[in-house]
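Chemist: Sequence:
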Amino acid sequence: MSSKTLTRGIALVLTVTALAGCATNQMGANYRPIIDTRGVDFNRFEADLRDCQQYANQTAGAGEGAVAGAAAGAALGAVLAAAAGSRYSRTKTARVGAVGGAVGAAAEAENNQRTIIRRCLSGRGYSVLQ
14 MSSKTLTRGI
24 ALVLTVTALA
34 GCATNQMGAN
44 YRPIIDTRGV
54 DFNRFEADLR
64 DCQQYANQTA
74 GAGEGAVAGA
84 AAGAALGAVL
94 AAAAGSRYSR
104 TKTARVGAVG
114 GAVGAAAEAE
124 NNQRTIIRRC
134 LSGRGYSVLQ
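Once you know that position 10 of the sequence shown is 23 in my numbering, the rest is easy, because the numbers rise by one and skip nothing.
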């Protein structure tokens, strides 16, 4: 696989990730879970939420996950195509692997950040519903 092809694939993944981020402010470390608000001091909640979001920012976000996943997926796709023989195009298979790896890794990174926020808030005594 040429570096030009890999660069285009990564640029495409980053563009899609950036556009998805513009579509909602609820992504990754900006996630605001739904909590049971009975008896909640909202000023304290907002401060706790900001703290928890900062913890989530310490892990890889969707963009970083997509880049890492694209590289790993492209490498795996090229290796599998080489092992399968001349009937398969290494470049095309690497491209498919890059996209698949990017999407999967971005989703996992996104989920990890949301989980950190939910667990952090639960640990601070909030009843997190979603």
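Simulated from the structure, these hints should not be mistaken for laboratory data.
Ideal Cβ positions, reconstructed from N, Cα and C, are used throughout, including at glycine.
Wrong hints could be hidden among the right ones.
[Unchecked claim] Quick list of simulated restraints, FRET-style, between CB atoms: (1) Val53 to Asn124: 50 to 60 Å; (2) Asp49 to Gly117: 11 to 21 Å; (3) Asn125 to Arg57: 39 to 49 Å; (4) Gln67 to Gly117: 18 to 28 Å; (5) Thr104 to Tyr68: 35 to 45 Å; (6) Gln71 to Ala120: 32 to 42 Å.
Chemist: Identify every previously stated hint that the structure contradicts and give their numbers, smallest first.
Modeler: Of the numbered hints, 1, 2, 3, 6 do not hold.
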